[in-house]
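Visitor: Sequence order for the protein chains is U and G.
Mapping of the first sequence onto my numbering: residues 7 to 260, in sequence order.
Mapping of the second sequence onto my numbering: residues 3 to 289, in sequence order.
Treat each hint with caution, since some may be false.
[What the hints assert, rightly or not] Label-pair distances were calculated between CB atoms; the ranges are:
1) U:S24 with G:K10: 45 to 53 Å
2) G:F202 with U:A186: 49 to 57 Å
3) U:G251 with G:S7: 45 to 53 Å
4) U:N69 with G:T12: 24 to 32 Å
5) U:D198 with G:P21: 48 to 56 Å
6) G:T16 with U:N69: 38 to 46 Å
7) U:K88 with G:V147: 53 to 61 Å
8) G:K10 with U:K88: 35 to 43 Å
9) U:D148 with G:D194: 39 to 47 Å
10) G:K46 with U:G235: 48 to 56 Å
It should be emphasised that the hints constitute simulated quantities derived from the structure, not laboratory data.
From the three backbone atoms N, C-alpha and C, an ideal C-beta is built for every residue, glycine too.
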Amino acid sequence: MQLETDAIRVENLSVNYSIVAESPLDQKRKFYNKSTRKTEIKALDDISFSIPSGQIVGLIGGNGAGKSTLLKTMIGVLKPSKGRIDLWGRPHLLSPGMGFNRLLSGRENVVLGGLAAGMTLSEIKEKQDSIIEFADIGGFIDLPMTTYSSGMFGRLSFAVATYNRPEILLIDEALSAGDAAFKERAVQRLKDLCDSAISIVVVSHSSTLIAEMATEAIWLHRGKIKLQGEVQSVTDEYLKFQAEGNETAQLDQR
Amino acid sequence: MSTQSSPKITRRATRSGLPQLSNYFSEAWRFRTFAWRWSLADVKARNFETFLGRIWHIINPLLFGLIYFIFVGIIAGGGVGSISFLGAIVGNLYAFLFFNMIVTMAIATVQSGAGGVLGQSSIPRIVVPIASTITSMNLFLRSLVAYALMHIISQRGLHIEMLLAPIVVILICMFGFGFALICATLNVYIRDVSRLIPHFLRLWMYLSPVIWEYTRITGGGTLNQLARFNPWYSAMTAWTISLGGTLDPDGPKIWEQIGIFSIWSVAIFFVGIFLFISKEDEFAIRN
Numbered sequence: 007m008q009l010e011t012d013a014i015r016v017e018n019l020s021v022n023y024s025i026v027a028e029s030p031l032d033q034k035r036k037f038y039n040k041s042t043r044k045t046e047i048k049a050l051d052d053i054s055f056s057i058p059s060g061q062i063v064g065l066i067g068g069n070g071a072g073k074s075t076l077l078k079t080m081i082g083v084l085k086p087s088k089g090r091i092d093l094w095g096r097p098h099l100l101s102p103g104m105g106f107n108r109l110l111s112g113r114e115n116v117v118l119g120g121l122a123a124g125m126t127l128s129e130i131k132e133k134q135d136s137i138i139e140f141a142d143i144g145g146f147i148d149l150p151m152t153t154y155s156s157g158m159f160g161r162l163s164f165a166v167a168t169y170n171r172p173e174i175l176l177i178d179e180a181l182s183a184g185d186a187a188f189k190e191r192a193v194q195r196l197k198d199l200c201d202s203a204i205s206i207v208v209v210s211h212s213s214t215l216i217a218e219m220a221t222e223a224i225w226l227h228r229g230k231i232k233l234q235g236e237v238q239s240v241t242d243e244y245l246k247f248q249a250e251g252n253e254t255a256q257l258d259q260r
Numbered sequence: 003m004s005t006q007s008s009p010k011i012t013r014r015a016t017r018s019g020l021p022q023l024s025n026y027f028s029e030a031w032r033f034r035t036f037a038w039r040w041s042l043a044d045v046k047a048r049n050f051e052t053f054l055g056r057i058w059h060i061i062n063p064l065l066f067g068l069i070y071f072i073f074v075g076i077i078a079g080g081g082v083g084s085i086s087f088l089g090a091i092v093g094n095l096y097a098f099l100f101f102n103m104i105v106t107m108a109i110a111t112v113q114s115g116a117g118g119v120l121g122q123s124s125i126p127r128i129v130v131p132i133a134s135t136i137t138s139m140n141l142f143l144r145s146l147v148a149y150a151l152m153h154i155i156s157q158r159g160l161h162i163e164m165l166l167a168p169i170v171v172i173l174i175c176m177f178g179f180g181f182a183l184i185c186a187t188l189n190v191y192i193r194d195v196s197r198l199i200p201h202f203l204r205l206w207m208y209l210s211p212v213i214w215e216y217t218r219i220t221g222g223g224t225l226n227q228l229a230r231f232n233p234w235y236s237a238m239t240a241w242t243i244s245l246g247g248t249l250d251p252d253g254p255k256i257w258e259q260i261g262i263f264s265i266w267s268v269a270i271f272f273v274g275i276f277l278f279i280s281k282e283d284e285f286a287i288r289n
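Using the sequences and the accompanying hints, generate a full structural model.
Guide: Listed below in structure tokens is the structure:
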């Protein structure tokens, strides 16, 4: 009998925050007046959904739709203004190069990145060879990361994050690095992780990538859920919406 | 059929304030190896592209000491005759520089987001200033090699009070860490703090017995009393005596100064920690 339990449950979540932005240049002001103004951002507006464990869910939407805000709220960097998120596992955001020191070698950064991702030294030691093999960057592994191309950087980051085996993996555009062959291996790696009941949320502007990886998709638009369901139907609707020229960057202000 | 257990983590709308401290510190403790390794990597990367490499960790403080040695001893008229005093100045400068490093590095790493650690992960934010403080301690301990050379040249000798020097170092570290957390938190709200701090620290150094003897303000009078209220008066007096013995047998005693500075250090340490932790959930938005 299949037991289906939630890995993530989001209930009536709203996230608002204020940022300090430059005042418009054409605004006349005296020299002692502040050149900045506080702007309230309504990034997520009363959204609810749940993700069963062991599923890959794609998160799509234009710039400013609230995708990254949602992931950052899940990992606890941002705080809900209203509502709640319940997580049945420790989330990890795959963030390219988190904890890395670019002046050091890739091998040294595998240790730093692994520790930043919550692994222990013995776990890193055990998995180091597999991580390096998966990243497949050859002799560059012992060179400073300042010599790496963005593709190499992304491959090593991805390898470190996915060998950590987080309970909930959140990916924000981190698959855009690397060539086609690496992307194929990366997608396979994520599918393998899902087989061991890890839940994955992938944010990407590429609806093709989302359609290839995910089973379900959530389309965010201006902080609200516009559509949610089977991946192909959601991405089709999203592409149609884009083709009609409706999708532009949004900055909702209160 | 569904058998849903209670969630492992819940994020909900709460007011800013202190998190559950036991959870917070156990989570911070989980990243202790990361803080240590990250700090070592930072020290290693500092002189990575230079020809002399790690030797710079010794050359830097030696040159710094030499410049002040020339400035105070010759240009400002301190007199090279009092070579022991000049050795004391160099020792004091290293101690103040240690404090200066803790503060400026903590502000800089928190402001920069520490390579995504602050904005892209759920690692407790305090791990970042802890790592930068370990870096400062590492660099300070290396500078003591340069000081040992100065100590021999300036014939400051060996004293029983030297055994108390590690206590003063620990107290400076606690005071610096707490002060750094206060400044790093304020800097998240008011960016001008990071601009102001270098000037403030320089002024603080000149107002403290770092490049002048603590015996100058041992007398009575409101101004002298006010000057002795400065935490760095106690710190520098204790440090100077611990390295070179007392300058005035009837003047301040080392234990008394360590006691006063302990009160300052413990107070600033805890105020800094609680202020930082209670405000850190706003860092991602404001940084």
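Visitor: Indicate, hint by hint, whether the structure satisfies it.
Guide: Structure-based check of all given hints:
Here the CB-CB span from S24 (chain U) to K10 (chain G) is close to 31 Å, at odds with the stated 45 to 53 Å. The given range of 49 to 57 Å is respected by F202 (chain G) and A186 (chain U), whose C-beta atoms sit roughly 55 Å from each other. Taking 45 to 53 Å as the suggested C-beta distance range, the pair G251 (chain U) and S7 (chain G) conforms, at roughly 46 Å. At roughly 29 Å, the beta carbons of N69 (chain U) and T12 (chain G) sit within the given window of 24 to 32 Å.
Evaluation of the 48 to 56 Å hint for D198 (chain U) and P21 (chain G) yields a failure: the beta carbon distance comes to about 35 Å. Taking 38 to 46 Å as the suggested C-beta distance range, the pair T16 (chain G) and N69 (chain U) does not conform, at roughly 29 Å. Separation of K88 (chain U) from V147 (chain G) is about 57 Å and conforms to the stated range, judged on CB atoms against 53 to 61 Å. Between K10 (chain G) and K88 (chain U) the beta carbon distance is about 22 Å. The supplied range of 35 to 43 Å is therefore violated.
Here the CB-CB span from D148 (chain U) to D194 (chain G) is close to 44 Å, well matched to the stated 39 to 47 Å. Between K46 (chain G) and G235 (chain U) the beta carbons are some 51 Å apart, a value that agrees with the proposed interval 48 to 56 Å.
Checked against the numbered hints above, the structure breaks hints 1, 5, 6 and 8 and satisfies the rest.
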